[in-house]
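Enquirer: Chains as they are written, first to last, in the numbering used here: chain D, 1 to 169; chain G, 1001 to 1396.
Some clues are possibly wrong.
DEER-style ranges, computed between Cβ atoms [unchecked claim]: (1) D:Q76 / G:T1040: 38 to 44 Å; (2) D:E5 / G:H1190: 45 to 51 Å; (3) G:L1151 / D:D25: 33 to 39 Å; (4) G:Q1185 / D:K77: 48 to 54 Å; (5) D:P21 / G:P1177: 40 to 46 Å.
Within a straight-line C-alpha distance of at most 20 Å, the following computed DMTMM-like cross-link-like pairs (lysine to aspartate or glutamate) qualify [as the list claims (entries may be wrong)]: (6) D:K77 / D:D153; (7) G:K1097 / D:D25; (8) G:K1255 / G:E1285; (9) D:K77 / G:E1221; (10) G:K1178 / G:D1295; (11) G:K1097 / D:D131; (12) G:K1213 / G:D1200; (13) D:K77 / G:D1245; (14) G:K1255 / G:D1200; (15) D:K43 / D:D63; (16) G:K1347 / D:E5; (17) D:K83 / D:E134; (18) D:K77 / D:E5; (19) G:K1347 / G:E1370; (20) G:K1375 / G:E1019; (21) D:K77 / D:E33; (22) D:K77 / G:D1239; (23) D:K83 / D:D25; (24) G:K1062 / D:E134; (25) G:K1062 / D:D152; (26) D:K140 / D:D153; (27) G:K1347 / D:D153; (28) D:K83 / D:D152; (29) G:K1220 / D:D87; (30) D:K92 / D:E33; (31) G:K1186 / G:E1285; (32) G:K1062 / D:E44; (33) D:K140 / G:E1293; (34) D:K140 / D:D87; (35) D:K43 / G:E1221; (36) D:K77 / G:E1257; (37) D:K77 / G:E1246; (38) G:K1347 / D:E20; (39) G:K1097 / G:E1048; (40) G:K1047 / D:D123.
Derived from the structure by calculation, the hints contain no laboratory data. Since we're looking at a predicted model, the values are computed, not measured. Each residue gets a CB set at the ideal place from its N, CA and C atoms; glycine is no exception.
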Amino acid sequence: MTQEELQSYILQKYPGFKLEPLAHDLTFLVPAEQYIPFCTFLKEDPSMAFQNVMSLTATDYLDYMQVVVHINSYSQKHRIAIKVTLDRENPKISTITHLWPGANWHERETYDLYGVLFDKHPDLRRILLADDWEGYPMRKGYTHWNLTPMPDDVTEVMKDYPTVPNPLG
Amino acid sequence: MTLAPNISLGKEEGLKTEEFVVNIGPQHPSTHGLLRLVATLDGEIIKEVVPHIGYLHRSTEKIAENRYYHSFVPYTDRTDYISAMLMNWGYVMAVEKVAGICNPMRAEVIRVLIGELNRLASHLLFYGTFGMDVGAFTPFLWAFRERENILRLFESLCGQRLTYNYYRIGGVSHDLPKDWVGNLQKWLAHFKQVYKELYDILTYNVIFLRRTKGVGILSKEQAIAWGCTGPVLRASGVDWDLRRDETYSVYKELKFEVPVGENGDVWDRYWVRMQEMLQSISLVEQCLAKLKELDDKLPRLQRGSAEWKENAMFVIRTQSVLQVEPGEAYVRIEAARGELGYYLVSKGGAKPWKLKIRSGAFCNLSVLPEITRGKLIADLIAILASLDIVLGEIDR
């Protein structure tokens, strides 16, 4: 299906869903309680037939947290993304490993780095960091003495750059 | 489980056995890096394998949030250091998509050329180490001798043998050096002969067949559900290649076939990579022809023309701190180890708000417990080698 067909088909079934306006891929903003029914629909509907999770991660927006799932279908040759907004202090969401087992390690990684708890996950342990690691490093505000951010103000940095002659005159 | 007619495991009348746990790695030559496998065994039969990863975790994604777009390119080299060009490529493509940059034709052709050459080098390394893991030492030396030639070409291209930092947002760092194409053609002519030898020494060797045929079968359904991609997916019989099915760069103008396996066993995964090497050679040759075509056109670029202005803008874009408008995209390319995806979120400014690297080997490794259950411990090494993992890419 093309992106337009996909969009109209899904919005027909779930008219309330909003799209992420900034995304280049087709991205649906899904309420947390509709997450599992929606994913089940995407997997089981024959014209959707989403077969695997390409990527599952979270994004920390300071006020809230979003879990982003990119799913893919080989038979229909289409893909979409699902976004679920969560409370940043207490991020909790259901697992989708029973639908797509490939989500297992992705969810573990998201738990490891962002502290998102996945309900009913078969094996929710830290995956990249040590088991006794404190905190969730990919959250904004987590710093390390060895990590020096580049300054946000670019004009300061540009002073050190050699001036580039503008070829357009 | 019955081993021999008169011996049955765990039964009172038969041989008494008990489970024991073997720890493999993290420092072990056949784990291809720092991977620890905890195998629960019953005799020689694997009950369960639990991979422990993260020994090489360098928080690359966190670093990305603290670097300017251009200055993150060298970090992507360090993720998959075997095919670093392709790691560069995925990243710059993601930034280009969000920033809305399109590249000059010549840069795109060079990207495909270099990318395919790197895929060839990566598959050669697989060939060598895989041969060694199943007990053949000669292929290792032969493959490394040929890979060395590619690395030398890369060295003369960008000064580095492994961490290239050659791709740039908006193109590549510089054009191909003088005589480089000639050297490449010379090597290609030589390699086509050597490839036959490489193929012959291993592919239908009886010992090799006994170690690989019917071992570690990954079914089509399993491969899809677990998110396996690249040669591992194709070996299981799924006809899917991002270069063809979600085409990017100049791949739609090039001709190539997608080799697909039948059984999804270790031998098929080996065979698919061997066939892909042939396709890469063909793609490299087509790119060289395309470059020559473009060279003929080049003098016609008039100063001040629209095309010239477009090219000139890249100088400005690629040599200053890039500011990207808010937006997000998931961009995926066919890397040597499967689908390489970069999920980039920009909230404006000179640094990414978030960057997630989805590596092929990460998902391919996650299927290991599934396909080793109930198999022999000796096959574990062959199965692991056939997945062709690079721990730098898995741990990021």
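Enquirer: Please verify whether K83 of chain D and D25 of chain D have alpha carbons no more than 20 Å apart.
Expert: holds (12 Å)
Enquirer: Does the alpha-carbon distance linking K77 of chain D and E1246 of chain G stay inside the 20 Å limit?
Expert: holds (9 Å)
Enquirer: Regarding the pair K43 of chain D and D63 of chain D, is the alpha-carbon distance no greater than 20 Å?
Expert: violated (31 Å)
Enquirer: For the pair P21 of chain D and P1177 of chain G, does the Cβ-Cβ distance stay inside 40 to 46 Å?
Expert: holds (45 Å)
Enquirer: Going straight from one Cα to the other, do K1097 of chain G and D131 of chain D come out at no more than 20 Å?
Expert: violated (37 Å)
Enquirer: Given the hint that K92 of chain D pairs with E33 of chain D, does the C-alpha gap stay at or below 20 Å?
Expert: Between K92 of chain D and E33 of chain D the Cα gap is close to 11 Å, so the pair holds against 20 Å.
Enquirer: Mind checking the alpha carbons of K140 of chain D and D153 of chain D for me, to see if they're no more than 20 Å apart?
Expert: holds (18 Å)
Enquirer: Please work out if K77 of chain D and D153 of chain D have their alpha carbons no farther apart than 20 Å.
Expert: violated (42 Å)
Enquirer: Starting from K1220 of chain G, check that the Cα of D87 of chain D is at most 20 Å away, please.
Expert: The hint is violated at about 38 Å.
Enquirer: Do the alpha carbons of K1213 of chain G and D1200 of chain G lie within 20 Å of each other, as the hint requires?
Expert: holds (16 Å)
Enquirer: Checking one constraint from the list: CA of K83 of chain D to CA of D152 of chain D, max 20 Å. Satisfied?
Expert: Given pair K83 of chain D, D152 of chain D is violated - Cα atoms ~28 Å apart, limit 20 Å.
Enquirer: K1097 of chain G and E1048 of chain G were given as a pair; does the straight-line alpha-carbon distance stay at or below 20 Å?
Expert: Violated, at roughly 42 Å.
The structure shown violates the earlier hints numbered 4, 6, 11, 14, 15, 16, 17, 19, 21, 28, 29, 32, 33 and 39.
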